[in-house]
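Just so we're on the same page, the working numbering is the position in the sequence shown counted from 1, plus 334.
Hints were generated in silico from the structure; no laboratory data involved. Because the structure is a prediction, the values reported are computed rather than measured. Heads up, a few of these hints could be off.
Only pairs whose alpha carbons sit at most 25 Å apart, straight line, appear in this in silico DSS-like list of lysine-lysine [unchecked claim]:
#1 Lys476 / Lys638
#2 Lys337 / Lys409
#3 Lys354 / Lys375
#4 Lys337 / Lys370
#5 Lys526 / Lys499
#6 Lys542 / Lys485
#7 Lys510 / Lys337
#8 Lys490 / Lys542
#9 Lys442 / Lys490
#10 Lys423 / Lys442
#11 Lys630 / Lys476
#12 Lys485 / Lys499
#13 Lys337 / Lys354
#14 Lys648 / Lys638
#15 Lys490 / Lys449
#16 Lys542 / Lys499
#17 Lys449 / Lys337
#18 Lys552 / Lys542
#19 Lys552 / Lys510
#20 Lys526 / Lys485
#21 Lys499 / Lys476
#22 Lys540 / Lys476
#23 Lys432 / Lys449
#24 Lys490 / Lys510
#25 Lys370 / Lys354
#26 Lys476 / Lys337
#27 Lys337 / Lys442
#28 Lys510 / Lys499
#29 Lys370 / Lys409
#30 Lys526 / Lys510
#31 Lys423 / Lys526
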Amino acid sequence: MKKLSYVSTTFTNNECFEPKGVHNRDGFLDFIVELKVNLHKEGYDLSTEDINPVGSSSIAIHANLRPDFKRYLAKQNILIIFESEAIVKRNFNLDSHKYFDIIFTWNKSLVDNVKYFYINYSHNITDQEITGVTSIPPQKRKGKILISSNKHCAYKDELYTERLKIIDWYEKYDRKNSFHLYGTRWELVILKNWPFSNIINEFNRKYKFLTQNRSSYKGLVEFKSATYSQYKYAYCLENARGINGYITEKIFDAFRAGIVPIYIGNEDVNNSIPENCFINYDSFVSISTLDDYLEKVSDADYQKIQENIEIFLKSEKYYCFSSEYFSEKIVTGVINLSNCNKSSDNDSMNELS
């Protein structure tokens, strides 16, 4: 069994590979769990770096770029770019990419099918979940929901400020109490653009000396799907707008629960997901006009969107977002890399394209 080292800033002790682990809420890590299983079938043991150190592994698979990634380089190395430059700016330091033999990314402008190969955020939406998309009709659902953590970001096109704008609007103008907010840290005031704001925020998370009362806030969620399935519409905001190709789990979490997403983020999302599967936030001039539209959508029209979501999840177009596709591409990359060395002409990599 050939050893592979999984290098990240987050996981140790193979926590990310546990199907029922604490980190795999709502099946968020199913694609990594499936990858380990499928690599094992091919004779590879993928484990976190503390179990399979890079020094004793044939290949290191890096999940995003650690600040100290050079300490974790094996003889051969694969980089999987999950996060955008808004969250992990160093992921797109091209000078760092020279240390990797294969790079998988959703950024199509980098893809050349020689060193850079296309891959998405991936999801394991089960057949049962797909057929259940239309199982809860609009008559049994309430209004709108936003599930998010209270954070801030310095990136120029960040969407954390837009989340606050949405929340503030509903808390000021929503007389029907049709909007509910869930997630972490909404009881805290998060400072930004203040001297030492990061330090103050860190202390506040621990000691809770700057607090607030959000009238729309309903608390934490144990399972996102269970909460989503009670509502009609989910505000699904990426971390930033204007990053083409960057489509995370947010809209797919809504799909798997049969709730209609109101999407904000990738302006080219229509190239990957049919526009009849979601409501485009940017198509409306204001939150007020958007909310008026949502209130007027008929049950029949709502159910049609649910049906469109189900059709999409059953289609070939969804396949490139599936955990099966993710596993197939990474396994192929590992096998090809194992069968060649850095002086080869990369002909064996053509199977990845």
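For the pair supplied as a hint, lysine 337 and lysine 354, is the alpha-carbon distance within the 25 Å limit? 24 Å, holds
Given the proposed pairing of lysine 490 with lysine 510, does the C-alpha separation stay at or below 25 Å? Between lysine 490 and lysine 510 the Cα gap is close to 34 Å, so the pair fails against 25 Å, i.e. violated.
With a cut-off of 25 Å on the C-alpha distance, tell me whether lysine 423 and lysine 442 pass. 17 Å, holds
Given the hinted pair lysine 432 and lysine 449, is their Cα-Cα distance within 25 Å? This hinted pair holds, its Cα atoms lying about 10 Å apart.
Between lysine 476 and lysine 337, is the straight-line Cα distance small enough, at 25 Å or below? Given pair lysine 476, lysine 337 is violated - Cα atoms ~50 Å apart, limit 25 Å.
Taking only the CA atoms, is the gap from lysine 552 to lysine 510 under or equal to 25 Å? 15 Å, holds
Taken at face value, is the distance from the CA of lysine 409 to the CA of lysine 370 at most 25 Å? With a Cα-Cα distance of about 20 Å, the restraint between lysine 370 and lysine 409 holds, given a limit of 25 Å.
Just to be careful, I want the Cα atoms of lysine 485 and lysine 499 compared with a cutoff of 25 Å; is the pair within it? 13 Å, holds
Run the distance test for lysine 510 versus lysine 337: straight-line Cα separation, threshold 25 Å. With a Cα-Cα distance of about 57 Å, the restraint between lysine 510 and lysine 337 is violated, given a limit of 25 Å.
Tell me if the straight-line CA distance from lysine 449 to lysine 337 falls inside 25 Å. Holds, because 22 Å separates the two Cα atoms, which is no more than 25 Å.
Against the 25 Å threshold, does the CA-CA distance of lysine 442 and lysine 490 hold or violate the hint? Given pair lysine 442, lysine 490 holds - Cα atoms ~21 Å apart, limit 25 Å.
Just to be careful, I want the Cα atoms of lysine 354 and lysine 375 compared with a cutoff of 25 Å; is the pair within it? 21 Å, holds
Hints 7, 8, 15, 22, 24, 26, 27 and 30 from the list above are not met by this structure, while the remaining hints are.
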